[in-house]
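**Q** In order, the protein sequences belong to chains U and P.
To convert, count from 1 in the first sequence and add 440; that's the numbering used here.
To convert, count from 1 in the second sequence and add 440; that's the numbering used here.
Take the hints with a grain of salt, since some may be wrong.
Claimed, not checked - Below, computed lysine to any residue pairings styled on SDA-like, alpha-carbon distance capped at 20 Å:
| id | chain 1 | residue 1 | chain 2 | residue 2 |
| --- | --- | --- | --- | --- |
| 1 | P | 772 | P | 698 |
| 2 | P | 692 | U | 470 |
| 3 | U | 692 | P | 692 |
| 4 | P | 660 | P | 737 |
| 5 | U | 692 | P | 772 |
| 6 | U | 692 | P | 470 |
| 7 | P | 692 | U | 477 |
| 8 | P | 692 | U | 717 |
| 9 | P | 569 | U | 692 |
| 10 | P | 660 | P | 608 |
For the record, the hints were derived by calculation from the structure and aren't laboratory data.
Chain by chain, the residues:
Protein chains: 2
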Amino acid sequence: MSRVEKSGLYCPNPFGEFDQILLAHGSGGRLMLQLLDNVIMRIFDDSLMHQGHDGSLLEPPHSRLIMTTDSYVVRPLFFAGGDIGTLAVNGTVNDLAMCGARPLYMSVGLILEEGLPVSILEQVLLSMKSAAQCTGIRIVTGDTKVVERGRCDGMYINTTGIGGLEAENQISAAQICLGDAIIVSGDIGRHGMAVMSAREGFSFSRPIQSDCAPLWESVKFLLDANIDIHCMRDITRGGLASVVKELAAACKLQFSLIEKNIPVDSEVRSACEVLGIDPLHVACEGRYVLFVPGNSAETAVSLLNRYYCENGDRMGNSQFQAGVIGEVIPGKSGIVTLRTTIGGNRLIEPPSGEILPRIC
Amino acid sequence: MSRVEKSGLYCPNPFGEFDQILLAHGSGGRLMLQLLDNVIMRIFDDSLMHQGHDGSLLEPPHSRLIMTTDSYVVRPLFFAGGDIGTLAVNGTVNDLAMCGARPLYMSVGLILEEGLPVSILEQVLLSMKSAAQCTGIRIVTGDTKVVERGRCDGMYINTTGIGGLEAENQISAAQICLGDAIIVSGDIGRHGMAVMSAREGFSFSRPIQSDCAPLWESVKFLLDANIDIHCMRDITRGGLASVVKELAAACKLQFSLIEKNIPVDSEVRSACEVLGIDPLHVACEGRYVLFVPGNSAETAVSLLNRYYCENGDRMGNSQFQAGVIGEVIPGKSGIVTLRTTIGGNRLIEPPSGEILPRIC
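Please take these sequences and the hints and turn them into a complete structure.
**A** Following this line, the structure appears as structure tokens:
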């Protein structure tokens, strides 16, 4: 993408007779240049993209760099609270944020299905641009491929992110200590249920909005307040259950969670009950788990709630309920127990099969 | 990918009863961890990948950075001279090399089709690892998604590369000058024809091998010899014709090429004649065009031929015929003329439709 000079002209009907993606748009020829100039470069429009090369020369970083990548194959492309474009930017931004890194640069790899309406592509690219601007990451280079009808599902997007490390202390599973408080930044399970609703046409009394949102600003708010974050992880595929199990195994400690403290929206809870799905297995795209020393848990929670009360989640959502959901205790490595609302204890396991395919 | 600790054990039959990719391998649950541990992390096995995080902390760079991305959707996955894995590494390495940058770090985003044999996945990952080692780039982070049967074509791969700029002078279309010699690093059109042969089952008297190969070492050889490279571009989708047209437009100068100087393997030429395709429109994956001052053209060509004579192309191929194929002349911006072997002159145009879909 970065090799093509920008046309500089806004063209209201850039494709003339074509309003769908053709195989020839992936050919390296004239139509491909038109797609790049008139749609992709026009929408993204970052000076680093206009260097007339296949690679983008980045501005010199001031900090150590983090690299992360994700492909997005969500079905359907649009859902309440976002679309594949919002997801593709925020998902990668959040992987950087969880390392304590400010999102700096992003590449975008598009795989388009022949026949995709160009209007859909434009809508998704505009979502990407808006999400990128919202969090300050720059889309600097890209690539577009087209495959035949039936060899994709509308479009798949890969984004790779480069971030600059701002956390002074190391943030990783290895830093999790006995006595750490386990905090969740907001209610869980909305993204997975929003995508399921859009896909299956479920209707609930109140539509479930995805929680898809960027996390860097709230992380930065905690770092600036000198909260000693030992570890963070965004809650995505496999839900909260997968995240805590993976981290408990990685730090070789036991976690104890309290079910009544885990925030779940009532509509999400009802939907999960109807579908027979455990909300702990449902993905979010704008929530994270963090581990902090027990004695700073209260401060961290009140900072998070203050941040979200003042800023929303930058995607227009202002309902948040950050809270302590458990602690790190002596016990067996990799075990996570849940004290249930009815007073029992159960072991938490990640989902073993695929309950919600293609939610990100 | 980088979030999962490596099992440390070689497991000869890592999947037990599963020898195919299941949707559950993309779930974030137990099967996904098995796929990561027993196949992907075991094969790639880079210490930067084992940081237990979704992002990978890179070692501090000594130079300015270049970022590039490409998705690979080649059909079929295997062809004479390479496979989608070789291509996915070399293609991205070459985009960095063309900027004058040493390939440093790479991310890998896999989109797998349900039902893909795990043995095929392993074979492709081994090709990636081998191609990465060959050129010194480190695969540091990754992501794996699984889509339903019929929503992909075996597998698609995105690679995003980070390179460290080593060229001292700027290398870009804007540096191309009147009087520059236009050099091609080897014979053109083999990759496209190798893929077409594999796809359509054509058989020729001698099989056409793809030219897929990494270009950085040969670029470095020229830079070390103080060749003042004004611009380089690898010849991929759209072939030599697309590359020269795009560069002539970007530098606003006219190019004059001489057909008899453009090296085309006799088997490739015959295949193109049978299929009615202009070899100038056929992709390579290990050839580049470079622009140098006219008075250093001879030195650059002899260095290139010496390099390839001594080193092959690092993919076992030693037949190369670098040569001057034309020059930059006064004239009309964006025009490229070809003096044909029968003495006429014709204008070069990029392909306007799609003649060879999905060759990379």
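**Q** Does each hint hold? Answer for all of them.
**A** Comparing the hints with the structure gives:
A threshold of 20 Å between alpha carbons decides the hint, and for residue 772(P) with residue 698(P) the separation of about 18 Å falls inside it, so the pair holds. Pair hint residue 692(P) plus residue 470(U) holds up; C-alpha atoms about 17 Å apart against a cutoff of 20 Å. The suggested pairing of residue 692(U) with residue 692(P) is violated, with an alpha-carbon distance near 62 Å, which exceeds 20 Å. At roughly 17 Å between alpha-carbon atoms, residue 660(P) and residue 737(P) fall within 20 Å of each other, so this suggested pair holds.
At most 20 Å may separate the alpha-carbon atoms for a hinted pair to count; residue 692(U) and residue 772(P) exceed this at roughly 69 Å. Only pairs whose Cα atoms come within 20 Å are accepted, and residue 692(U) paired with residue 470(P) is accepted, the gap being roughly 17 Å. Distance hint between residue 692(P) and residue 477(U) is fulfilled; the C-alpha atoms sit about 17 Å from each other, no more than 20 Å. Annotation: proposed proximity of residue 692(P) to residue 717(U) is violated, straight-line Cα distance about 61 Å (limit 20 Å).
Straight-line distance between C-alpha atoms of residue 569(P) and residue 692(U) comes to about 31 Å, which puts the hinted pair past the 20 Å bound. The hinted pair formed by residue 660(P) and residue 608(P) meets the criterion: a straight-line CA distance of about 12 Å does not exceed 20 Å.
Hints 3, 5, 8 and 9 from the earlier list are contradicted by this structure; the remaining hints agree with it.
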